[in-house]
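Enquirer: Each chain, letter by letter, is given below.
Number of protein chains: 2
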Amino acid sequence: MEHIPAPLNRKFSIGLDFGTSSARALVVEVSSGEEVGTAVYDYPSGDQGVLLDPREPDLARQNPRDYLDGLQECVRGAMRDAAKSDGFSAGDVIGMGVDTTGSTPLPVDSGGTPLAFDPRFREDVNAQVWLWKDHTGHAEAAEITSRARDARPHYLAKCGGTYSSEWFWSKILHCARTAPDVFDAAYTWVEHADWMPAILTGNANPSRIRRGVCAAGHKAMYNSAWGGYPDEDFLGSLDHRLVRVRRTLPSRAYHAAEPAGMLTEEWAERLGLPEGVPVAVGAFDAHLGAVGSGIRPGTLVRIVGTSTCDMMVAPMDDPLADIPGLCGIVPESVLPGQYGLEAGQSAVGDIFNWFVRVIRPDGKDHAALTGEAERLRPGESGLLALDWHNGNRTVLVDQRLTGMILGLTLHSTPAEIYRALVEATAFGARVIMERFEEYGLGVDRIVNCGGISARNRLVMQIYADVMGRAQHISRSSQTPALGAAMAGAVVAGEAAGGHADFDAAARAMTGVQEAVFHPDPQNRQIYDGIFRLYKRLHDAFGVRDSRDDLSDVMKALLAIRDEVRA
Amino acid sequence: MEHIPAPLNRKFSIGLDFGTSSARALVVEVSSGEEVGTAVYDYPSGDQGVLLDPREPDLARQNPRDYLDGLQECVRGAMRDAAKSDGFSAGDVIGMGVDTTGSTPLPVDSGGTPLAFDPRFREDVNAQVWLWKDHTGHAEAAEITSRARDARPHYLAKCGGTYSSEWFWSKILHCARTAPDVFDAAYTWVEHADWMPAILTGNANPSRIRRGVCAAGHKAMYNSAWGGYPDEDFLGSLDHRLVRVRRTLPSRAYHAAEPAGMLTEEWAERLGLPEGVPVAVGAFDAHLGAVGSGIRPGTLVRIVGTSTCDMMVAPMDDPLADIPGLCGIVPESVLPGQYGLEAGQSAVGDIFNWFVRVIRPDGKDHAALTGEAERLRPGESGLLALDWHNGNRTVLVDQRLTGMILGLTLHSTPAEIYRALVEATAFGARVIMERFEEYGLGVDRIVNCGGISARNRLVMQIYADVMGRAQHISRSSQTPALGAAMAGAVVAGEAAGGHADFDAAARAMTGVQEAVFHPDPQNRQIYDGIFRLYKRLHDAFGVRDSRDDLSDVMKALLAIRDEVRA
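As you go down the protein sequences, you meet chains C and D in turn.
Just so you know, my numbering puts 499 at position 484 of the first sequence, and the rest follows in order with no gaps.
Just so you know, my numbering puts 229 at position 214 of the second sequence, and the rest follows in order with no gaps.
Derived from the structure by calculation, the hints contain no laboratory data.
Positions of the beta carbon are idealized from the N, C-alpha and C atoms, including for glycine.
Some hints could be false.
[Claimed, not checked] From chain C, some residues computed to sit far from chain D (all C-beta separations above 10 Å):
| id | residue |
| --- | --- |
| 1 | Gly418 |
| 2 | Ser427 |
| 3 | Gly483 |
[As the list claims (entries may be wrong)] With a Cα cut of at most 27 Å, we get these calculated DSSO-like pairs of lysine-lysine:
| id | chain 1 | residue 1 | chain 2 | residue 2 |
| --- | --- | --- | --- | --- |
| 4 | C | Lys99 | C | Lys26 |
| 5 | D | Lys99 | D | Lys26 |
| 6 | C | Lys379 | D | Lys379 |
| 7 | D | Lys550 | C | Lys550 |
[Unchecked claim] Quick look at which bits of chain D chain C covers, simulated, 3 or more residues with Cβ under 8 Å:
| id | stretch |
| --- | --- |
| 8 | 215–227 |
| 9 | 410–423 |
| 10 | 426–438 |
Take these sequences, add in the hints, and give me the full structure.
Expert: Right under this line is the structure:
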């Protein structure tokens with residue numbers, strides 16, 4: 016018998032994905048996209064990784080210690096997992112990439128150490144990481160929007176016309192106003208996505224951090240067209256103390272095909288990796304998730320998890336109008352040479368989880384409710400919900416909106432409500448898709464990724480029926496980590512066995528599942544009618560100065576219900 | 016030791032109360048109102064006494080057999096209970112009265128036998144009793160309203176401007192249209208309130224039934240001013256077959272201080288009562304409940320159960336305008352010489368029960384949810400509901416409205432929703448009270464009765480705070496049965512040891528509890544603000560041609576929430 020040697024020259028990249036509740040590492044073979052090892056670390060702090068305050072429902076923070084512990088645990092775990100695979104050797108890891116949630120900034124001192132590690136602030140939630148879904152800065156967001164509308168309208172044009180309470184400057188300004196001790200002690204604020212590569216490469220000192228254009232452009236009003244971050248006059252007019260923060264920020268931001276630096280000896284040892292491995296500039300999970308889903312012009316990538324991100328790209332050599340209500344249009348935030356366009360829903364899986372975990376209807380879990388909801392026909396329940404339990408990110412850009420369920424009767428069941436909540440998120444997704452298309456970005460293909468898309472056939476079929484488009488599902492179940500690994504393969508470069516660019520990486524490493532969810536024509540027709548009602552409520556409750564007589568909405572729903580049942 | 020004899024000359028009346036799920040008999044001493052015996056019989060048929068059809072959520076029927084079995088069981092049970100009391104003797108029962116739900120008509124043959132007892136129709140839901148909350152006739156109700164608006168506007172003026180799907184002619188017309196076999200087999204239709212006294216007195220033959228003015232006036236467009244029931248031309252214009260039904264109806268209806276007849280030998284034996292006891296003409300539970308609560312001009316009696324009735328009376332010698340949206344203004348439907356005014360909410364306890372029994376949030380029962388909801392402050396949850404899960408009876412008179420919950424976040428708890436549902440019913444109650452007052456019927460005293468008022472302090476305090484009025488609670492926990500017993504005492508007459516009239520009966524037999532719920536000024540102020548928002552939604556969703564920008568509603572709720580928490 017001949018001995019068949021393990022394949023030679025297999026090279027690997029590691030993608031690190033820092034989510035809302037856990038960190039994940041993924042070891043990927045760069046020529047095939049094969050995922051050879053993975054590990055997940057659940058953040059131990061707070062409520063599933065989120066520090067909450069029962070008196071302030073808008074507050075959501077994280078402990079940066081969870082990130083460092085998670086980094087070490089999940090890389091080592093993924094390496095052990097990969098070691099089971101033929102031909103894997105730690106020495107063949109050629110690059111790393113990082114994605115995180117955002118805007119998730121943390122205050123750091125002049126040496127780059129988080130204030131949260133300072134004994135003075137250890138117990139202070141304001142010194143922790145301000146998680147993306149923290150909305151405490153809604154008043155400051157309104158103030159920034161109003162000031163920019165008067166003085167710097169171009170700042171708003173690229174972020175949907177409204178600066179969000181989720182974003183960088185809203186959070187920092189709210190901290191300045193409500194926790195001046197923390198604000199004064201902070202030298203600067205660093206996005207989680209920038210902080211992780213900085214830590215890994217020994218570049219945590221604020222003067223050396225390479226800040227990513229993804230976070231800077233989408234959340235901090237950075238644009239090379241106006242010289243980078245917002246100018247000092249503008250920030251000073253909001254609060255003179257912001258000028259000091261502005262002066263700590265660099266003039267240039269980087270895209271994820273550029274390196275943040277090389278892995279330090281210390282971290283190489285901790286992680287069991289070769290020293291000097293290049294680490295890509297960090298980006299947000301949605302952006303690298305889109306990369307890991309094979310985003311290209313005409314493809315809408317929907318990352319469906321606790322919330323969604325709806326991502327598109329458009330070539331920078333074509334003209335592109337500002338799109339009202341879009342969270343951001345940022346050059347090179349997803350792919351070099353392309354505008355990155357980010358839309359999204361503030362809560363999707365979070366709404367389903369709220370219903371199952373907080374309301375706990377009839378003690379039923381997702382599987383039981385999904386099973387019952389699958390047996391219902393569109394329109395049958397007469398229910399219609401607004402999916403605004405965590406505000407509306409796109410196209411209304413308004414965190415001060417709330418969820419609604421309408422059409423309730425004495426017979427409305429938990430499964431009917433569950434289905435109505437799923438449908439509401441589908442209607443929200445359709446509003447976003449239609450907004451892209453209205454502004455000339457035709458959607459010829461939809462690729463879903465994220466846990467819900469892989470697990471829940473009901474949700475995918477409803478999305479197909481409501482959006483009227485086939486729903487593809489990304490082959491990888493962990494596209495942000497895959498996208499981060501692709502960034503690692505690109506910064507490693509072709510010579511090291513990686514890829515020359517994202518285009519080559521996408522061809523080699525991404526794909527979709529065979530199973531496709533196609534719209535059912537009859538369901539689609541019913542949902543078209545319900546969507547018109549959704550849009551009426553959406554505009555009546557969400558758009559200022561709309562003038563709408565809503566009195567026929569419920570009757571129309573009942574008529575649809577009766578028609579379906581007849 | 017002297018022997019003290021039991022008091023002499025104690026006389027008793029029996030009140031029979033037929034509710035939605037059970038029948039009750041109450042034995043009352045007529046000089047004091049002392050309730051010496053009671054018994055309840057749960058209807059065995061259907062779902063808690065209601066026959067449902069899963070394909071038709073508007074359908075709600077009852078089995079008339081349950082009424083007859085309930086009559087016998089609960090009178091005998093109440094007599095056994097009374098027999099434990101000193102000085103009670105069956106021979107001292109001097110009168111009986113009956114109340115039922117309504118409009119709850121049943122089809123009978125020419126001998127007065129329910130079609131439901133005919134083997135041909137035993138399994139046919141359309142041959143059973145059409146329970147008050149059956150809304151299958153909504154299309155017919157709209158047709159009757161429209162036809163009357165054109166041809167007989169005075170018919171509508173006394174029933175709030177809209178003929179309801181809950182009422183007599185809507186149900187009969189719907190039967191004619193959808194179940195012609197049942198309709199053709201029926202000689203006439205009899206209200207449950209009229210059928211029970213007819214059975215007890217041997218007057219079930221349609222030619223001998225004394226129909227009550229309460230049912231006829233409030234539900235069948237009967238008014239002595241236009242010669243009784245609607246004329247044949249009008250009914251014939253809706254459907255020529257209704258003319259035949261019209262011809263089975265008498266020219267005069269009776270109030271509850273008039274006798275329907277005397278107890279037959281057969282029923283006297285079955286019930287263990289003296290033959291020949293006078294039985295009062297039947298009336299609806301709400302009307303006799305108001306009597307049992309001591310209704311008088313200026314007193315709003317609120318019967319708070321699965322639904323509510325909000326009752327007032329006004330002297331017939333004073334002029335009284337038509338009141339838009341009021342279910343009915345009917346001479347002598349409550350007290351002789353007074354207009355009876357009936358308003359009400361289509362669902363109150365039913366909404367709380369839906370939440371606890373159908374949604375089953377976190378497995379919590381009413382007590383657990385009430386306990387948690389009591390610890391919440393007004394406005395704290397940011398939630399606002401519309402209490403239209405079973406339509407809106409007053410002031411919108413529209414069964415095609417549905418419930419709504421607005422202001423949901425990912426943190427909204429079952430107790431918060433439960434409280435919001437209670438508050439919604441309180442706002443609904445306030446709309447009704449304000450409508451009475453707008454039309455000159457000042458409310459100087461509110462007396463609540465019904466199970467919820469006696470059991471649930473949270474509900475009563477919220478009603479006080481939302482309505483801005485002290486809430487009294489009727490001393491009796493079974494005011495409809497007490498009112499029916501009072502009718503029995505009045506038809507018995509003073510000479511037999513009863514009462515000359517309802518006024519005398521009320522002085523002797525009714526009262527309120529010592530505990531009174533007073534408005535908390537701070538809560539009241541918060542609720543005034545939330546009520547304004549409720550009214551905006553109420554009008555936007557419930558009133559045709561209203562023009563309202565609703566986009567600030569949610570923000571206003573959140574602002575109130577934040578203010579309360581601050």
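Enquirer: Please go over all the hints and tell whether each is borne out by the structure.
Expert: Hint check results:
1. Gly418: violated, 3 Å
2. Ser427: Non-interface label fails for C/Ser427: nearest chain D Cβ at 7 Å, not farther than 10 Å.
3. Gly483: Nearest chain D Cβ is 27 Å from C/Gly483, so the label holds.
4. C/Lys99 x C/Lys26: holds, 15 Å
5. D/Lys99 x D/Lys26: Roughly 15 Å separates the two Cα atoms, so the pair holds.
6. C/Lys379 x D/Lys379: holds, 14 Å
7. D/Lys550 x C/Lys550: Measuring from Cα to Cα gives roughly 23 Å; hence the hint holds.
8. 215–227: Result for this restraint: violated, n = 0.
9. 410–423: The restraint on the stretch 410–423 of chain D holds, since 9 of its residues have a Cβ under 8 Å from chain C and three suffice.
10. 426–438: holds (count 5)
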